[in-house]
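S.K.: Throw the hints in and build the complete structure from the sequences for me.
From first to last, the protein sequence lines are chains A and B. Each residue of the first sequence is one higher than the one before, starting from 1 at the first, in the numbering used here. Each residue of the second sequence is one higher than the one before, starting from 1001 at the first, in the numbering used here.
Because the hints were derived from the structure by calculation, they are not lab data. Do not rely on the hints blindly, as some may be mistaken.
As the list claims (entries may be wrong) - Just some of the chain B residues that point at chain A, by a computed CB distance under 10 Å:
#, residue
1, Arg1017
2, Val1022
3, Ala1028
4, Val1030
5, Val1034
6, Leu1035
7, Ile1038
8, Gly1090
9, Gln1094
10, Ser1109
11, Gly1157
12, Ile1159
13, Glu1239
14, Lys1241
15, Met1269
16, Thr1278
We treat Cβ as the ideally placed atom computed from N, Cα and C, and that holds for glycine.
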Amino acid sequence: MLSQAFAVTAVNIRSIRERLGSSAVAVVGIAGVVLVFVAVLSIAEGVKATMESSGDPNTVLILRAGSDTEMTSGLAGDNVRVIQDAPGIAHDSSGTPLTSPELFVVVDHPLKRSGSAANVPLRGVTAEAFKVHPGVKIVEGRNFEPGKNEVIAGRAAQRQFVGLNVGTTLKWGESTWQLVGIFEDAGSVSESELWCDAKVLQPAYRRGNSYQSVYARLASPDAFQQLKDALTSNPQLTVTPMRAQDYYATQTQTLQGIIRTIGGIIAILMGVGAVFGAVNTMYSAVASRTREIATLRALGFGSIPVVFSVLVEAALLSVLGGLIGGAIAWAAFDGYETATMNWQSFSQIAFAFAVTPRLLLIALGYALIMGLLGGFLPAYKAARLPVVTALREL
Amino acid sequence: MKFLPMVWRNLLRRKMRTIFTVLSIFVAFVLFGVLMAIRMAFTMGVDMAGQGRLMMIDKVSIINPLPASYGARVKQIPGVTEISHANWFGGYYQDVRNQFATFAVEPESWLRVYTVEYELPEDQKKAWFADRTGAIVGSDTAKKFGWKVGQRVPIQGTIYRRPDGGPWEFTIDGIYDSKLKGADKTQFVFNYEYLRETIPERSGFRDRYNWYVFTINDPDRAPQIGSQIDAMFANSPNETKTNTEKAFVSDWAKQVGDIGKIMVGIVAMAMFTILLVTGNTMAQAIRERTNELAVLKTLGFGDGRILRMVLVESTFIAFLGGIVGLAVSYALISRGDPTNGLLPAFYFPTKDIVAGVGLVFALGLAAGSLPALQASRLRIVDALRRN
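M.R.: Structure representation (structure tokens):
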């Protein structure tokens, strides 16, 4: 029976050429669905990749309890000092704890894409920040000098916002800033930001001596629990420490949720459409070979090989469609850089679309399922053909 | 219309093909509706934002609140009719994931500025105005958490904190609705006085508002009034940016950026692929009957008549799938925003429904007319000889 099945399938596949038109319809339909599926989800993958490259397992972020983003958090200066003395935090050779108190605000600055104002994140940091975030490297110009109105811009921010080049003067409100350098941080979310001296930013945003978050490096990855216990049991503090990885994972949940919900609805609807297209194609394939199939049956071929051959043909067409759609999505969208709003802190985040191998595999699987569903009814019809009437058909 | 039975027989000739063609068209038009709603949602309701309403924020950023004294000065400018202010509160219920739009406002002026956006009974309004710890909430949010008028609800804030760290207790004085299509019915709006008492004076944030919103008597004068106000506060510690609410919403939507546009773009492309493919199948169904059409011509049927017959057949298929698709899509979209309140302006705009019906027509005509024209140009003898 197996050899029968292969024989019928081989005949089938060789005859696809004769039915090029209707086969192309199925292939194009499925390619379209896969293209949309991959393209939409590559947005979510890209955002996720940016966030994942932002968290180091040894970095902890401390926010005021109840705040879900740095934007809404607030820590008084004396609380920051208490946090810096907590156990579990690594110290440098001179014995200073590796902690970085930071301010996180947004400034109105135009996007290159539309020329309209957007919330660009502006982070105030101290000299310690560059030890706590070791990935940050100045790649152009120089670092800002403490006490001066100088900023450095992330590489991604430079690409997305107007006029962020070394040497430009930026005016936000009453204060004027000199852009003195560009930094990179391995594609992480901080590349969407501008950084400056926290001590200069505090008065500009009327923050007194307060900060919004403290980043700290752990003495060892296991020291997190020790630090957490110490901070949460301290009556002077109401703070929540979390691993930077976990924090960044939650930061784009909303954005990813929107993309995945909409992407899911579209993919399901289009998938149903493509299945109907595949059904039509396979019906006409079976119809055009009615006599042939009946002849085979009359010669003693069983109905299972016939069913098998129809399903294999449908599967092949759908995988072909999947490959074409995936390839187009990859060529057109992989690495496409853009920025969008992070719904959690309402600030801009820059990222690149990522068509990952995982995504392509899921899409191919989806294409295969669509093809098999589409081939099922026609295959059943082919198996049930009454031999005598079918032979009589023109 | 004597040829209707013939059209019918033709449709039944290959039942399965007809059924699946109709279903494909159906799906394409359900998709069309969803697509238009998504497009609308990503513009964040720009179409609904008032032209006659202006907003004023701090020039550097909306997170820098403006002094309370600015309100009175704006009010004095000729042409400004009503003014109110708001603070973004970032409230959530029980779990930080249950966040919704929460504003602290001055209730009476707020409802004078927004007249149709918040519809609620007069007695609920009065109760809210008189209640320092009262709030009104949109019907969507009220439904989500099962809140009733009169209920006390604890709301935790992400930005502001009470000295004791606990949540703010609010009384739901009213649940608002709105007849505006796509109106945001997720907001939670409460009295600024209740928030004010928890802001320490030395913080420098008391009596400062994230934004002012005001109405003007002549929408055409919005640009002049806007620049007049910004000039008035120029070179002060808080310079301002004043623009129409529409411009702010549109900038806000642009911040979400091209990802919305890209999604709509690729889905549109794919939808047209489905239509093209289906149109081709429909045309194919007619093309393979060319010799039959020739027989009809031999029998004395005129070209016009044959064309009409074929067009009736193809538009019938397009209508069956397309109109039902649009209707189902409308029903699905009317169930509201699928993202739990993140894209409140999720609805099927009327002009897009009209466009959808037009597209159904175009599909039917295009799929039928090409093969019918080909057939009518054929010489009968050639057509009969084919096959």
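S.K.: Work down the list of hints and note, for each, if the structure agrees.
M.R.: Now for the hints, and whether the structure bears them out:
For Arg1017 of chain B, the suggested interface contact is upheld, since its CB lies about 6 Å from the closest CB of chain A, less than 10 Å. Hint status for Val1022 of chain B: holds, given a least beta-carbon distance of 9 Å to chain A, under 10 Å. Nearest Cβ of chain A to the Cβ of Ala1028 of chain B: about 6 Å, under the 10 Å cut. The hint holds. Given the 10 Å rule on beta carbons, the hint for Val1030 of chain B holds: about 6 Å separates it from the nearest Cβ of chain A.
Using the Cβ-Cβ criterion of 10 Å, the hint placing Val1034 of chain B at the interface with chain A is satisfied: the shortest such distance is roughly 6 Å. With its C-beta approaching chain A no nearer than about 8 Å, Leu1035 of chain B sits inside the 10 Å limit, and its interface hint holds. A cut of 10 Å between beta carbons decides the hint on Ile1038 of chain B: the least distance to chain A is about 6 Å, and the hint holds. Taking 10 Å as the C-beta cut-off, the interface hint given for Gly1090 of chain B holds, the closest approach to chain A being about 6 Å.
Checking Gln1094 of chain B against chain A: minimum C-beta separation of about 12 Å lies over 10 Å; hint violated. The interface hint given for Ser1109 of chain B is broken, as the beta carbon of that residue sits about 25 Å from the closest beta carbon of chain A, more than 10 Å. Hint status for Gly1157 of chain B relative to chain A: holds, with the closest Cβ pair at about 8 Å, below 10 Å. Because the closest C-beta pair between Ile1159 of chain B and chain A is about 5 Å apart, less than 10 Å, the hint holds.
Because the closest C-beta pair between Glu1239 of chain B and chain A is about 6 Å apart, less than 10 Å, the hint holds. For Lys1241 of chain B, the suggested interface contact is upheld, since its CB lies about 7 Å from the closest CB of chain A, less than 10 Å. Among the interface hints, the one on Met1269 of chain B holds; its C-beta lies about 7 Å from the nearest C-beta in chain A, closer than the 10 Å criterion. Checking Thr1278 of chain B against chain A: minimum C-beta separation of about 7 Å stays under 10 Å; hint holds.
In summary, the numbered hints that this structure violates are 9, 10.
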